[in-house]
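**Q** Below are the chains, spelled out letter by letter.
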Amino acid sequence: MDGIQALREIKKGNIEPVYLLGGTNAFIKERIMEELKKKILEEEMNSFNLDTYQGNKQSLGEILSRAETPPVLSRKRMVIVKEVPYFKEEINEKDTEKLINYLENPSPSTCLVLVTDKIDKRKKTTKKLFLKKWVIECNPVKESDLKKWINQKLRQEKKEIKENALELLVKLVGNDLHQMENEISKLCTYLGEDKVLTEDTVRALVSASSLEVSIFSLVDNIGKKNKKEALVQLHSILKQNEPPLKILTMIGRQFRLLIQVKKHLESTKTKRELSSDMKLPAFVVNKLADQAEKFTQEELHKALIRTHETDIKIKTGILEPHFSLELLIAALM
Amino acid sequence: MNYVSLYRKWRPQVFEDLIGQDHITRTLKNALKSGRISHAYLFCGPRGTGKTSAAKILAKALNCEKGTAPQPCSQCHICRGINKGNIMDVLEIDAASNRGIDEIRELREKVRFGSTQARFKVYIIDEVHMLTPEAFNALLKTLEEPPEKVIFVLATTEPHKLPQTILSRCQRFDFHRIGLPIMVEGLSKIASQEGVNVEEEALKIIARSSEGGMRDALGLLEQVMAFCEGSVSLEAAKQILGLEEEDIFIYMGKAVLKNDLVAGLRLVGEVADRGRDISQFVRDLTGYFRSLIILKIQGEEPVDLDIPWVSLDGMKRQAEKFSHDGLMCINEILTGSVSELRGSSQPRFVLETAVFQICRLEFKLSLQNIESKIEKLEDFILERKEGVAYSYSGQPLSIEENRKDYAQQSQELEPVSEDTESFSLTDKNSQPVNTEESSIEEFNKIWKDFLKELHGKDVVAYSWLEQGRPSSYEGSTLTVELANCFAQDNLEKSKPKKVIEEILCGLTGKKVTVKFILSNNTEANGIEVSGEEHESSEDSSFEGSLESNFENSLGDSCESSFENNNTDIHNDEFVAEVLKIFKGKVVDHEETKKGGFFGV
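So the protein lines, in turn, are chains A and B.
Residue 336 is where the first sequence ends in our numbering, and the numbering goes up by one at each step.
Residue 602 is where the second sequence ends in our numbering, and the numbering goes up by one at each step.
I should point out that these hints are in silico values taken from the structure, not numbers from a laboratory.
Possibly wrong hints are sitting among the right ones.
[As the list claims (entries may be wrong)] Derived, one-sided and incomplete: chain B residues facing chain A with beta-carbon distance under 7 Å:
{"id": "1", "residue": "Ser76"}
{"id": "2", "residue": "Thr337"}
{"id": "3", "residue": "Lys378"}
[Stated by the list, open to error] Below, in silico cross-link-like pairs of lysine to aspartate or glutamate (EDC-like), each with a Cα-Cα straight-line distance of 20 Å or less:
{"id": "4", "chain 1": "A", "residue 1": "Lys305", "chain 2": "B", "residue 2": "Glu575"}
{"id": "5", "chain 1": "A", "residue 1": "Lys228", "chain 2": "B", "residue 2": "Asp327"}
{"id": "6", "chain 1": "B", "residue 1": "Lys495", "chain 2": "B", "residue 2": "Glu342"}
{"id": "7", "chain 1": "A", "residue 1": "Lys290", "chain 2": "A", "residue 2": "Asp120"}
{"id": "8", "chain 1": "B", "residue 1": "Lys143", "chain 2": "A", "residue 2": "Glu37"}
{"id": "9", "chain 1": "B", "residue 1": "Lys447", "chain 2": "B", "residue 2": "Asp327"}
{"id": "10", "chain 1": "B", "residue 1": "Lys163", "chain 2": "A", "residue 2": "Glu245"}
{"id": "11", "chain 1": "B", "residue 1": "Lys143", "chain 2": "A", "residue 2": "Asp120"}
{"id": "12", "chain 1": "B", "residue 1": "Lys495", "chain 2": "A", "residue 2": "Glu312"}
Note that this is a predicted model, so its numbers are computed, not measured.
Quick reminder that beta carbons are idealized off the backbone N, C-alpha and C, glycines included.
Okay, chain B solo, but in the shape it has when bound (with noise of 0.2 Å):
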């Protein structure tokens, strides 16, 4: 057995074959020249990334025979000795199967005593974080009075597990993942001096996979090695080291950013001969497109962020051509299939839904746009409200003014409505929306049927709209008032929403979405329900004398099919209905100033 692995036989023997930790070796090597040494030493850091190596390294420079030096000769009796660990007053304790009081106890017991071949006694004590919480106060009472000529190196990877007791009283050396040039560097030299020819990109996948650790990458390229015997080609080391799985998730990138729903079923195709976890596999696609996410809000500058993807090269340049929406709206659709696929028999099919959705991702993203632009001319609608409504007050704005801002507005709106209709892939609702003919008259002389037939499919929906009224009627979106904030944020759920389009959809013949919003006369609400104009909340102060104004400049802007009830009481549906329900009749009645009798 003379065979030594990779790993142990290049094992850094001096300061400078630490790679990767700069600051570390700097420092304890003027540690070292300068005599001044701590007497504890905390070393912590991922694994792999020369931890213990150092604290070697640090016990021969301290007591190789030729004298405290930053750099420790290795050929004398003392630094052999420790090599080979059998020098007395370098110990080496493992604390995670030593982790008791008992172990600790002894440990202060042996600590009193001097040195007996060299200079100092390094007590290494690796994996210190395993110890137990007694132990480690007993280990504090030796830390905080050291006897001369002690030193404590400990080694962790996990330094939060530690009391800040003991942090406080070590010098802390955090030890970095070793960055890839630098271990593409180190492992080339090693493999160059073992006599095998490795291509370069094949060392660099090769340390990417290590995740900054050496020792990993050591073990990988030993790995790769023998496999190969000899040379090391790029697709041996994919081979060996199971890359071509990480294949199918670029594929699958490729696939989304050409729109290629064939492609991308057929991958879904191949994971399911494959006879892979289905439901894995969505989860690990999740996980590719949540490192393109944060590759992509990375951009060009390295920066030490965890993605644990191998092929990173190809994965920069494909997030490199999403959008950044483009990447959150597939991450939503991926997320959501996952949680759908607990307990779904189907598996296939959700994961064949998600690529389908993933691959036509324009059409959800021009519904993301749509919802914005609507956004937009709903605040256009209220701007517009205000603006006549300071128009009162200064020279009076024409309503054909804002009529024309409107119509731009709507015309903006209209390509995208078009493109809707190309992405939708069923035909059934490719009939032209004719968004000049249909107008708000129609809704209002449907709704009562449309209500009944709503009563019939949904009776909670009906409920809540029972009391709204359809207020507007653009580019193929009816706007609906409603009275209160619940009954919007019940009905914009989306099951009932659909119930209600479908139903508007039978009646009219025509493709309607639904918009809800808040009818403004929110302290009124439920009174003004027969059709009172909405604007007629607007401050109060102003009504008075402006009252002919404002009629006149709404009135046709609404072209209200609603008659105003303030004039004549017995005609109002509204009183006509709350006669009916109290069974009541009017005796007298005063004129109530508009916005309604609870308005002013």
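So that you can see chain A by itself, here it is in the shape it has in the complex (with noise of 0.2 Å):
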């Protein structure tokens, strides 16, 4: 089960007596668990039936025995260990057996939530747990997917947004639901009044969070020909302590995938081949499609070699990184 299909079946009150929730998706996690939390328990008797363990600290006989005790005052209670062990590592076969006696026969009254980020699928416990459908991934969401959710939210706030202050927001922040959330939080602050988000607000708000968005930007500002852009993108990536090296590979790499693109655009090739052959992405071959129109063959070996030279000058020790990159800029267009 995936986690935004096992939120609308907790919504619907269908709660099982034990989940593991896999996954990086903290945010998925969280709301699954708050989700718990509102149907089963009642606020008032929280200290009572609600504990949080730390699996890797608590032994697991300590949380079983927790797990059969029956609930205080209320119909239901919930144990929550968060960072389990028991999934992803080897653990005591008395432990494994304790854990599979639970399994097999988990008292009605509680419902315990596992918590941990891997699962090993091999385990025996997880092929229990699996075999019982108890087993949510929360695995990170689609693009397509982000989107609709940052629609949704927006709606929620009855703001709007357009199209390509969607684009950059998503591209800035990625694929982190909590930083969205924050984000989006902030846009609407800022926002006050106003109904509508624009791209400007989105920049002037949002800053880049991965490195690798901003030497992709970059890279694909070298291909635009546009060499303000490129060299403000620089310095924002050197001023976060980007190895220089580490940028002038991706330089390179664009202008041998560029020349790559090229030739096989020349040999007639569909894009979707391209693809493939590439083991590219199709939105980045698109994108390396249009970069490509706008050089010839001979430029972008020239670019290439003169990546190269560069590489060269500073591992001798002629040219000094920083400096050599922006000359490599000016030099390139």
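Two chains, two separate frames, one set of hints: put the complex together.
**A** Structure representation (structure tokens):
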């Protein structure tokens, strides 16, 4: 079951006695726990019926005995175990047996929630959980889902977002729902009475989180032959203490890809074939194809050679890395 | 001690005072108005842009006795208490000195207790990037499940050092560098309230030296004010900020623009006299020209690029006057001399040479120009060959026509080569180069002598060139055909090339530039050394039927001193050599096709 599906089931009131939450999407995991708490517990009894453990610090026996304790003055109790080691690491026979026994026959009045990031699917215990459909895999959401989610969030706030602003937001923040939620709340606060979220607002308030994004947009700008923007990008990346040689490698890679794409397109291959040949996602190939049109084959070769020369110059100590990157960009276009 | 330094005296007390950060103040004010307070804020940005001030204003606005409002009163007990730092519920923690896990654990213990005096408990953690990884993890737990009425404000100059997990829990605000006009406005407001008259230009250079940090700017202003008393002039400001140093680079730029070698060398003398470290000076000079390149690219629009020079306006004007190629060329020369300086016992000499070169830039540029022209010419020759090849199939294209183009091309080239003469500083080569008289024949004649002499001087070059032969001579450029690209690569290096050119010059009495091209018959390389026309490698399918045409059209074009060796194998120089090496004799021979033994 994936996270969103599970959330829907829980909201409907179909609650299982045991859950194993896996995957890296912390946001969904938290949502599920919150929803479960809301459904199962009565708030004033929380201190009696809700237990939260760190799985790597508490012994299994203690946790299970807690799970088997009947609830106090309410219908159900909930035991949350975070950072559970049982499903990714080796554990001793005895513990495995205990766990399996409990899983065979879980206490009906308890909801045991086990939270981890990785799940080893070969383990006996995990197999059992999968069999009973108690595993919820919370993986990062797809881009299209992410956009839907953002739109939905904004609708709740009664705001609108322009298409290009949405693109930019997704590009800058990436696939971290926690951060996205923060950014959306910040943007909405900024808007105040205003209704429409524009690209400029997003640009002013949201900063790029991952370096990959900025490196990509740097080479993108080189591809578009936009020197000025490329230099601005370069500076902001260097400010983040990214090693210059890494940036140089990425620039070299971009030109190599451009040469490949250009060559392939000349041989009348479709972009789809290209994307499987070059093992790149389709949208990257599309972008590359657009950029490749702006260069001649010869220019690309020269650029690649120049990148290589810069590399040599840096490594032989003739040029200072930061400076040489600037020169490279100045000379490239 | 009742003197308070300017930046403390004028620390922003309300959001309006926080200049240059409109996107942040608007968001925070809206948040206070609507009560949408996030439990953790992350303020990041360069120093002196208002992070800590914003955090304090936020703490005041949240806890002001007059009620949570976008505008703290700054009068009430709590507001004043926060300003003084004696309200227990607003804690300012310096993470740089409390970076361990124990401090954070202690913090976690105390977080649970509610606030005593104020409405919200506000933790301002400054320089948060200094925390240890363990401390971050401990803090993360608190950020994940924050107690009610507790607000964290993390401030840092280096957000990339924070773990992603922390970043994703905070509402992040990036403080920008304060723009120049805004900062000048702010500074002049403060200066006038301090009762000091400061020239606008002086404010501008102060603002620029501070690189967008208000605290730095106020510090500098204070320094200048202390120096001048009463009113501050541009000159005084320059003196205090040590900007006279920069002027020397600007003068150097001017000298380069005017090709004023004397001025350039005088500047070098000045630098040396002042006892400055020359290699540092060269490095700074490189930096100066690098900034000019950036300014050139940037053009008119103000872009937030890092240019650590104060005299930006003057530089901008200078950058406009330079050409892009010129700047790139200057940089090449200067970076070259930077590496030359390492371990050089004559730094001044190296610097002077560099200045020499950059002040006579046209020379170098025109060389580049010639290079590109030669390249064009080369392309043209190759094209021409193709043109001939095509003419076999279509109507025959007369060589004469091609020649006309060729002549045109070489005429185009001529003025440039004269230019070169006029720029070259030595006179020894200035004897007129008569391109008409010198022909490829002459070089063929002296080729053997030349090889012999080369063998004496540079054996390596000789071995590479042994298999080459002169193919054409136009406009003082001798084109030599080589068997393979390794030879070409190796000979293109400046050292062997120079030797070759010197020898040729000695033998012919003319200034000769050598250019190496690849022989077209790469597959048959080495075999055709003795002089088959290189055109013979044309598409072999043409060959049989076009043979006669081929000979007619090209025979005279090359004025071939090379005899066509296919007809008589016994006279063939190459075969003779083979026989010599293997000590054999010719028993029988079959007519080989054009294109060489392996060529077809």
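**Q** Please go over all the hints and tell whether each is borne out by the structure.
**A** Going down the list of hints, with the structure as the test:
Evaluation of the Ser76/B hint against chain A yields a violated restraint, the C-beta minimum of about 23 Å exceeding 7 Å. The restraint placing Thr337/B at the interface with chain A holds, with a minimum CB-CB distance near 6 Å, inside the 7 Å limit. The restraint placing Lys378/B at the interface with chain A is violated, with a minimum CB-CB distance near 13 Å, outside the 7 Å limit. Our distance criterion of 20 Å between C-alpha atoms is broken by Lys305/A and Glu575/B, whose separation comes to about 41 Å.
Of the pairs offered as hints, the one joining Lys228/A and Asp327/B holds, with about 17 Å between alpha carbons and a cut-off of 20 Å not exceeded. With a CA separation close to 18 Å, the supplied pair Lys495/B and Glu342/B stays within the 20 Å bound. For the hint pairing Lys290/A with Asp120/A, the CA-to-CA distance comes to about 34 Å; that exceeds 20 Å, so the pair is violated. This hinted pair checks out: Lys143/B and Glu37/A have alpha carbons roughly 17 Å apart, not beyond 20 Å.
Between Lys447/B and Asp327/B the CA atoms are separated by roughly 41 Å; this puts the pair beyond 20 Å, and the hint is violated. The straight-line distance between the Cα atoms of Lys163/B and Glu245/A is roughly 11 Å, inside the 20 Å bound, and the hint therefore holds. With a C-alpha separation of about 17 Å, the suggested pair Lys143/B and Asp120/A falls inside the 20 Å cut-off, and the hint holds. For the given pair, Lys495/B sits about 15 Å from Glu312/A by alpha-carbon distance, which is consistent with the 20 Å threshold.
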